[in-house]
Amino acid sequence: MRSPRASFAFLFALLASACALSPRLTQWERDFYYTERLYIDGQHALAAERFARLRAQAADPRDADEAGLLQCETLSRGGDHAAGAACYDQLGTSAVERPMRMRALLHAGELRYYELRKPDDAVRLFAALVERAPDEPAALRALDHLYLHGERDRSKRQAMTARFAQLERDDPRSEIADNLLLRTAMLLEQEGTPIALQQAAELLERQERDHKDDASIVDCLMTRARIYRKLGHLQREARDLERVVDTFETSYVFASYSFEEQKVAATRLIELYRGPLPNLPRAEHHARNLPDMLRKPLHMPRYLITLAELQEARGQRVAAIATYRDVLNHVAARNKDYRQNDRRICGELADAAERDACRQTVDAYEDIEPKECGIARERIERLQDQLRRPDLQAPAARKPGGPG
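Here the working numbering is used: the first residue of the sequence shown is 273, the next is one more, and so on.
Hints listed in this document are in silico derivations from the structure and should not be mistaken for laboratory results. Being a predicted model, the structure only gives us computed values, none of them experimental. Hints may be right or wrong, so weigh each one.
[As the list claims (entries may be wrong)] Under the rule of at most 25 Å between Cα atoms (straight-line distance), these lysine-lysine pairs were calculated in the DSS-like manner:
#1 Lys484 / Lys428
#2 Lys484 / Lys502
#3 Lys502 / Lys535
#4 Lys484 / Lys535
#5 Lys643 / Lys608
#6 Lys608 / Lys535
#7 Lys502 / Lys428
[Unchecked claim] Per label pair, the in silico range of CB-to-CB distance:
#8 Glu650 / Arg302: 25 to 33 Å
#9 Asp392 / Glu477: 41 to 49 Å
#10 Pro333 / Glu477: 20 to 28 Å
By construction, the Cβ of each residue, glycine as well, lies at the ideal position given by its N, Cα and C atoms.
Work out the full structure, taking the sequences as your base and the hints as a guide.
Shown next as structure tokens:
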């Protein structure tokens, strides 16, 4: 049986082979798909050479940029990290579309930081990306790299904290303003002093006030609860944890965010209400409701189905197959998580008879499979048929080299 990675490579190669035989494709497109196949097979030197030639021959500048991106990636995957970084540098200035330029700069910084061991050069690239294009997805990843740099290197932490704070002050309405506040607070938390912890808590209070509807609010509350715990403010910690649990129970937006935050918040509340903040009714409430909370429809399968449908509409059939498989993998992991979490909660019950009865109930669980699993299986089969016979249905998306 193939691994998921091998299956993906196989399907991608199958798509490339099928497309190469289609009379509707130009010679450039045939060469492009064949070169992708070389890349998948690990023939990096040959693939990089061919991608460079395709980049020069492309009639559409967007196709040239796609070939250029794969050329850079192939060079770095083949071990020539310096050439890969230089390739990304060039693409970061020449690409016709801004998202591609920002993506190239991000990868150039990543190669310099993690492979070429030039952290100062990488940090300059990451910082420039965050400052120039805070609304681009690449900026958020660059911000993560900057945060990790400050977290790892204590000597750089203070400067990085000041940089984040200044970026947020310069544009408090930017797409990443909430994440700048969060990361600044997390770096202050790393300092560990009472003053730094108090400053971090105040920043997170401002994040909650100014960005309460952003996806980072759960991270804000969880981080602030952790800081309050370090400061000894257990009542405030419990308040934030209660809000985390309530957010997951009541909000469609956050229902599929993460199992981990739900489990950590509810488990810590049980610990608090059984110990330093005695409130046995609330402890019992969380002990009894945590399994039910995890069984609530988390909407992740529906979200993945929607994502796969969008990928299909764009002609990204291989990606759609992978996403439909994620539906099945997610449901299987969720069913396993139910049992593990519920057995742990059972072990926290004070009465031995209740613990045994609880474990028997958990062991008798049947796997829950939502209707999305059936949809995913049917569509995987249909898409696989289309990949084997590309004449069944032409993808709606613009193919490389095709009309814009």
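* Asked: Does the Cβ-Cβ separation between Glu650 and Arg302 fall within 25 to 33 Å?
  -> holds (31 Å)
* Asked: Are Lys608 and Lys535 close enough, with their CA atoms no more than 25 Å apart?
  -> holds (14 Å)
* To do: Starting from Lys502, check that the Cα of Lys535 is at most 25 Å away, please.
  => This hinted pair holds, its Cα atoms lying about 20 Å apart.
* Asked: Holds or violated: Lys484 with Lys502, Cα cutoff 25 Å?
  -> holds (24 Å)
* Asked: Straight-line Cα separation of Lys484 and Lys428 no greater than 25 Å?
  -> violated (30 Å)
* For the pair supplied as a hint, Lys484 and Lys535, confirm whether the alpha-carbon distance does not exceed 25 Å. => Distance ~22 Å between Lys484 and Lys535 Cα, so the pair holds.
* Asked: Do the alpha carbons of Lys502 and Lys428 lie within 25 Å of each other, as the hint requires?
  -> Measuring from Cα to Cα gives roughly 23 Å; hence the hint holds.
* To do: Verify the proposed pairing of Lys643 with Lys608, using a straight-line Cα cut of 25 Å.
  => holds (18 Å)
* Given the hint of 41 to 49 Å, check if Asp392 and Glu477 actually sit that far apart at their C-beta atoms. => violated (34 Å)
* To do: Take a look at whether the Cβ-Cβ distance between Pro333 and Glu477 falls inside 20 to 28 Å.
  => Violated: the Cβ-Cβ distance is about 47 Å, outside 20 to 28 Å.
The structure is inconsistent with the numbered hints 1, 9, 10, although it conforms to all the rest.
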